[in-house]
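Student: Spelled out, the chains give:
There are 2 protein chains.
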Amino acid sequence: MNQSPGVVDLLGVLAYAELSAFLRLAEDAALLAPTLGDRAALGELAVAEYGHFKLLSRKLGEIGADPDAAMAPFVESLDAWHAQTRPADWLQALVKAYVGTGIALDFYREAARRLDPAIAALVDEVLVDEGRSEFAVERVRAALEADPTAAGRLALWARRLVGEALSQGQRVAAERPELARLLVEAVAEDQAEISRLFARLTEAHGKRMAAMGI
Amino acid sequence: MNQSPGVVDLLGVLAYAELSAFLRLAEDAALLAPTLGDRAALGELAVAEYGHFKLLSRKLGEIGADPDAAMAPFVESLDAWHAQTRPADWLQALVKAYVGTGIALDFYREAARRLDPAIAALVDEVLVDEGRSEFAVERVRAALEADPTAAGRLALWARRLVGEALSQGQRVAAERPELARLLVEAVAEDQAEISRLFARLTEAHGKRMAAMGI
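Protein chains in written order, with my numbering: chain V, 1 to 214; chain F, 1 to 214.
Bound-form chain V, shown alone (with noise of 0.2 Å):
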């Protein structure tokens, strides 16, 4: 099929963030939560990232690309930043899975838009929040009511989170020089484009830390 260089690269990045999302929601659900509930609720955001999974696995197929390897070329970079940013405790888990999710999604929706945008309307389909992360807001915002102390700890683990997926991304962009140019080539024509492109990314971001109370 006709399909714009890098939307396999892109969808399939996509594909195997949401994976393994799905994966570590459940794990952090399983250790760390601390209630029934608790654990019930990350579950439930743990299995709608499986949800958007397949739908970008169909996806995929549907354009003719092999899901498995679309995603393999990123596996070992998701990995590492699920590895470096593994939560200790059930804050950190609510806090990866709210702001560490959501900068990460931000910048795949504007990369969609960039690349093509006929994938640009599925790519938002799959990310939709759907305001499953009220769930985190809830009980972030009232374990800093209880323990205002526990900000800074959240702030710093924050910044850890965006760090880590910064480091990563640049290593993806090292591996995949032909996505990393398209990138950069889609926006590279208007310099204050880039600025708005870091500006928005960085505004939502604070508003996730805002919602949170952080």
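Since the hints were made in silico from the structure, they are not lab data.
Just so you know, even glycine gets a beta-carbon here, dropped at the ideal spot from N, CA and C.
A hint or two may mislead.
For lysine-lysine, the following DSS-like pairs were computed, each having C-alpha atoms within a straight-line distance of at most 30 Å [claimed, not checked]:
| id | chain 1 | residue 1 | chain 2 | residue 2 |
| --- | --- | --- | --- | --- |
| 1 | F | Lys-59 | V | Lys-207 |
| 2 | F | Lys-207 | V | Lys-59 |
| 3 | V | Lys-59 | F | Lys-54 |
Chain V residues, not near chain F, derived (Cβ > 12 Å throughout) [stated by the list, open to error]:
| id | residue |
| --- | --- |
| 4 | Ser-57 |
| 5 | Thr-85 |
| 6 | Ala-150 |
| 7 | Lys-207 |
Residues from chain F shown here face chain V by an in silico Cβ test under 10 Å; the list is partial [what the hints assert, rightly or not]:
| id | residue |
| --- | --- |
| 8 | Tyr-16 |
| 9 | Leu-25 |
| 10 | Glu-27 |
| 11 | Leu-31 |
| 12 | Gly-43 |
| 13 | Val-47 |
| 14 | Phe-53 |
| 15 | Ser-57 |
| 16 | Gly-61 |
| 17 | Ile-194 |
| 18 | Ala-199 |
| 19 | Thr-202 |
With chain V fixed as given, assemble chain F onto it according to the hints.
Tutor: What follows is chain F alone, placed relative to chain V:
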């Protein structure tokens, strides 16, 4: 609402069995799956278990029970079963997903039929396999064709899964004497029925073992 006694207990143990199966299968998928396709396939089994958990949790709510409170008495025993049957490799994970879960679900089905025919239909619906186990059967058969010597090791593993399930079952019976009494009374009037129950469970287990080639 007018509930047969023991129904909340039975739905509670089943709900937690499904929730913990979901989380453990996801963990096995993350840690042990040799390929991305395998990871996604075991992930899909995990997500199906979560769907069952949701149905049971909703049913508990409908009959006026608190799902968390209904599950709580069974958390320790089921977590202990999972801790003692943590698969060491991918084949052990598949055998656990198919054989270990299979015998537990057969038992729940029999128990539901005895306790209250009204919930037997729901339990049957929740526990329907939907051909999901084909995946595990195919993979184990293929592995044993490539290496027939693994069969003995996997047969021992299956025996351990069942042995640990029996010992946790005895623990639950000791901790929930009311539930145990109801189940025993439901069959005690007919000694032959107890034999038939065990014969059915054993036969179904043997069929699963044979299907896998163990």
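Student: Now tell me, hint by hint, if it's right for this structure.
Tutor: So, going through the hints one by one against the coordinates:
1. Lys-59/F with Lys-207/V: violated (38 Å)
2. Lys-207/F with Lys-59/V: violated (38 Å)
3. Lys-59/V with Lys-54/F: Satisfied, since the Cα-Cα distance of roughly 28 Å is no more than 30 Å.
4. Ser-57: Not fine: 7 Å to the nearest Cβ puts Ser-57/V too close to chain F.
5. Thr-85: holds (15 Å)
6. Ala-150: holds (25 Å)
7. Lys-207: holds (30 Å)
8. Tyr-16: holds (8 Å)
9. Leu-25: holds (8 Å)
10. Glu-27: holds (5 Å)
11. Leu-31: holds (9 Å)
12. Gly-43: At 6 Å from the nearest chain V Cβ, Gly-43/F passes the 10 Å test, so the hint holds.
13. Val-47: Holds. Min distance 5 Å.
14. Phe-53: holds (7 Å)
15. Ser-57: holds (7 Å)
16. Gly-61: Check failed: Cβ of Gly-61/F comes no nearer than 12 Å to chain V, outside 10 Å.
17. Ile-194: Status violated, d = 33 Å.
18. Ala-199: violated (35 Å)
19. Thr-202: At about 31 Å, which exceeds the 10 Å cut-off, the nearest Cβ of chain V leaves the hint on Thr-202/F violated.
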